[in-house]
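Asker: Construct all of the structure, not just a fragment, from the sequences and the given hints.
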Amino acid sequence: MLKVHRDICGYCGCCVSVCPEGALELIDAYLSVEKNCTSCGICAKVCPLGALEVVNEKQV
Amino acid sequence: MKNRYDVLVIGGGPAGALAAKTAVEKGLTACIVEKRPAIGAPVRCAEGIGQEALNEFIDPDPCWISAEMTGAGIIAPDGFFMKLESEMAGSKVGYVLDRKFFDRELVWRAANAGADVAVKSRASAPIMENGVVKGAKIDFCGKISKVHADVVIAADGVESKFAKWCGVDTTVPVREIMSSVQYVMTDIDIDQHSTIFYLGNDVAPEGYLWVFPKGERAANVGIGISGKKSGDGHRAKDYLDKFVKKTFPHGKTIEYIPGGVSVCRPLDCTVADGLMIAGDAARVVDPLTGGGIYNAMFTGRLAAEVAAECIGKGDVSKKSLMPYDKAWRASKMGKAIERNYHIKEYLIKQPDEKLNDIIHSVSKLNLKEFSTLTLIKEIIRVNPKLVLELGALAASLR
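Chains X and Z are the protein sequences, given in the same order. All letters in the first sequence, in the order written, are residues 1 to 60 by my numbering. All letters in the second sequence, in the order written, are residues 61 to 458 by my numbering.
Rather than coming from a laboratory, the hints here were simulated on the basis of the structure. Built from N, CA and C at the ideal position, the CB exists for glycine as well. Incorrect hints may appear among the rest.
Stretch-level coverage of chain Z by chain X, calculated; a stretch enters the list once three of its residues show a Cβ under 8 angstroms from a Cβ in chain X [to be verified]:
| hint | segment |
| --- | --- |
| 1 | 92 to 100 |
| 2 | 217 to 228 |
| 3 | 312 to 321 |
Coverage of chain X stretches by chain Z, computed from C-beta distances (three or more under 8 angstroms per stretch; other residues unrestricted) [said to hold, decoys possible]:
| hint | segment |
| --- | --- |
| 4 | 8 to 15 |
| 5 | 26 to 36 |
| 6 | 44 to 54 |
Answerer: Here's what the structure looks like:
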């Protein structure tokens, strides 16, 4: 699943624009991940800061 | 905020502000909903705009202009410097804005013209009836209210969620998102009247790095790289930090701003039943320069003009709203996007050696008209070989 490293996230919305599922939503300084996230990792790749990571359920 | 408007505008950036202002000037009721608590901040923009482009919408005001530009420079991958100046040496060719105040000014003007504004108010879902957009559910501090409208103008920026909820695919392809970071830096040695662009696969793969002056010894220092080239250890921030360490080791960073800029083609269609899409949300950023302020204001204003006509006729169907889509595509702006998309696609495929060759061919250009088109034409003129490589595209530039 997708983990948001909130200490790194700059809440810019770059990830939101590339999410094919529309599963990310930026509400001011908080990025939320909806249930329909498929952990495809596209957002993690494009994040300018490296704030997103696809991890195993156990690692969360 | 009332529960019904002629036009509901999602987003309080330049596209939304121009849409709302134009709508009320046409005699409609309009409201801007902005999810952030403040208009204009944080700024996710390098803030550059051409002089003529700005003047088409608003008279320059020192309150929101950080610096006036008289030239530009392009730095080749090997460090060679190409200087660009206006034929009229020393004349003003563009501005670096202070978007915090610029955006606020635009929304003020919309409000003074009669538009309602609601901040910290997020459109959380469209109101749809039989596939027609009829308004939006607005979340204000956790309280949700329904706002009905004849036309909703989605001007919600690069995230572009509203149109997506209405069934329009706004997803930006990975290779066409510019993954970006910008520092506002002070105490750095710069030419305060020139914007500088650094090119090269080691500097900014499939993108560029910019230094846009914000005044004496201060600048927006930023970078955009293709999402395709981004990954652990080689993200936009890594490239920018490398550059800053080398170029401005003693500079001080007073703002740290990540962001995303789309450099894809515009959406296939920017209208639907009861819905119009403007600005970055419509993907009308210039794919070559990444500039979007003018394009946002242009499409925002045009959307409201067409909305006013359609509301007047009592028909806000997709077919009725189509003149908006057709008009911006046929405009100078629409044609520039199409042309610059092709030029961008050509340039990102070139190795550094080729970029060096092109930039070495001219060390100083005095442009009759200070625009990307004139620059491209000049470069082709001194590199006749490019005509063959560019094929039909070169012909279209004549």
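Asker: If a hint holds in the structure, say so; if it does not, say that too.
Answerer: Going down the list of hints, with the structure as the test:
Coverage of the segment 92 to 100 of chain Z by chain X holds [criterion: at least 3 residues with CB-CB distance below 8 angstroms; count 3]. Under a criterion of three residues with beta carbons nearer than 8 angstroms to beta carbons of chain X, the stated coverage of the segment 217 to 228 of chain Z is upheld, 7 such residues being counted. Given as covered by chain X, the segment 312 to 321 of chain Z passes the check, having 5 residues with a CB less than 8 angstroms from a CB of that chain where 3 are the minimum. Interface restraint, the segment 8 to 15 of chain X with chain Z: holds (5 residues with C-beta to C-beta distance below 8 angstroms; minimum three).
Check on the segment 26 to 36 of chain X: 3 of its residues sit with their Cβ under 8 angstroms from a Cβ of chain Z, so the three-residue criterion for coverage holds. Counting residues of the segment 44 to 54 of chain X whose CB lies closer than 8 angstroms to any CB of chain Z gives 6, so the stated coverage by that chain holds, three being the minimum.
Hint compliance for this structure: every hint is met.
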